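Undergrad: Sequence:
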Amino acid sequence: MMCHMDREQLLERLPVKRRLFGEMFLLGNLLQTAGDSFYEEITCKQFFFLICLSLFREDPPTLKELSELMGTSHQNVKQIALKLERKGFISILRDKNDHRKLRLAPTEKYREMKVNYFQQEKGFMELLFGDVGQEEAASAYSTMVKIEKNLRRYEEARS
83 MMCHMDREQL LERLPVKRRL FGEMFLLGNL LQTAGDSFYE EITCKQFFFL ICLSLFREDP
143 PTLKELSELM GTSHQNVKQI ALKLERKGFI SILRDKNDHR KLRLAPTEKY REMKVNYFQQ
203 EKGFMELLFG DVGQEEAASA YSTMVKIEKN LRRYEEARS
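The C-terminal residue of the sequence shown carries number 241 in the numbering used here, and the numbering is unbroken.
Derived from the structure by calculation, the hints contain no laboratory data.
All of these numbers come straight from a predicted model, not from anything done at the bench.
There's no promise every hint is true.
[As the list claims (entries may be wrong)] The calculated label-pair distances, taken between Cβ atoms and stated as ranges, are: (1) Gly104 <-> Arg193: 34 to 44 Å; (2) Gln114 <-> Arg176: 11 to 21 Å; (3) Gly212 <-> Glu94: 36 to 46 Å; (4) Phe120 <-> Ser173: 17 to 27 Å; (5) Val98 <-> Arg234: 45 to 55 Å; (6) Val98 <-> Lys178: 50 to 60 Å; (7) Ala239 <-> Leu209: 22 to 32 Å; (8) Lys160 <-> Gly110: 16 to 26 Å.
All residues carry an ideal CB built from backbone N, CA and C; glycine is no exception.
Work out the full structure, taking the sequences as your base and the hints as a guide.
TA: If you want it as structure tokens, here you go:
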């Protein structure tokens, strides 16, 4: 129970950077819930994996390349890749020159899903960013990139 105060009033008691810290967790949870219900066959994390995979246009990326782009461990990417391969959305291939490396390639089933969900995805993005202007979105993106760099520096210092 909120004790006669709404969420915003309670959060105003915190400095803005702490509010932003909490908001990132909240948004992560809300995005995952919304994303998990968006597609029938894949989860939000699998969807993010496929978006990242689609950025590699020339050669299929290695597990390492995709894990670096996604900001997660090699093991996490491999688990997601194995699930998506079982569902028929990607193929896991041995590298032609270095058989220790695994490459990840989208399949025709992925391309079909992308076409089938295009309008739905567009509608979801419009809903998500409905009253957020281009400048606000650019500013938010810039801020998030700075926070990401700070976190990566923190991780490097710890290892």
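Undergrad: None of the hints should be skipped; say for each whether it holds.
TA: Hints, verified against the model:
At roughly 39 Å, the beta carbons of Gly104 and Arg193 sit within the given window of 34 to 44 Å. Distance hint for Gln114 and Arg176: a CB-CB separation of about 32 Å, inconsistent with the stated range 11 to 21 Å. In this structure the supplied range 36 to 46 Å is violated for Gly212 paired with Glu94, their Cβ-Cβ distance being about 24 Å. Hint check: Phe120 to Ser173, Cβ distance near 24 Å, so the stated range 17 to 27 Å holds.
Remark: the range hint 45 to 55 Å for Val98 to Arg234 is contradicted by a beta-carbon distance near 23 Å. Between Val98 and Lys178 the beta carbons are some 51 Å apart, a value that agrees with the proposed interval 50 to 60 Å. The hint said 22 to 32 Å for the Cβ distance between Ala239 and Leu209, and at roughly 39 Å that hint is violated. Range check, Lys160 to Gly110: about 22 Å between beta-carbon atoms, so the 16 to 26 Å window is met.
Checked against the numbered hints above, the structure violates hints 2, 3, 5 and 7; every other hint is satisfied.
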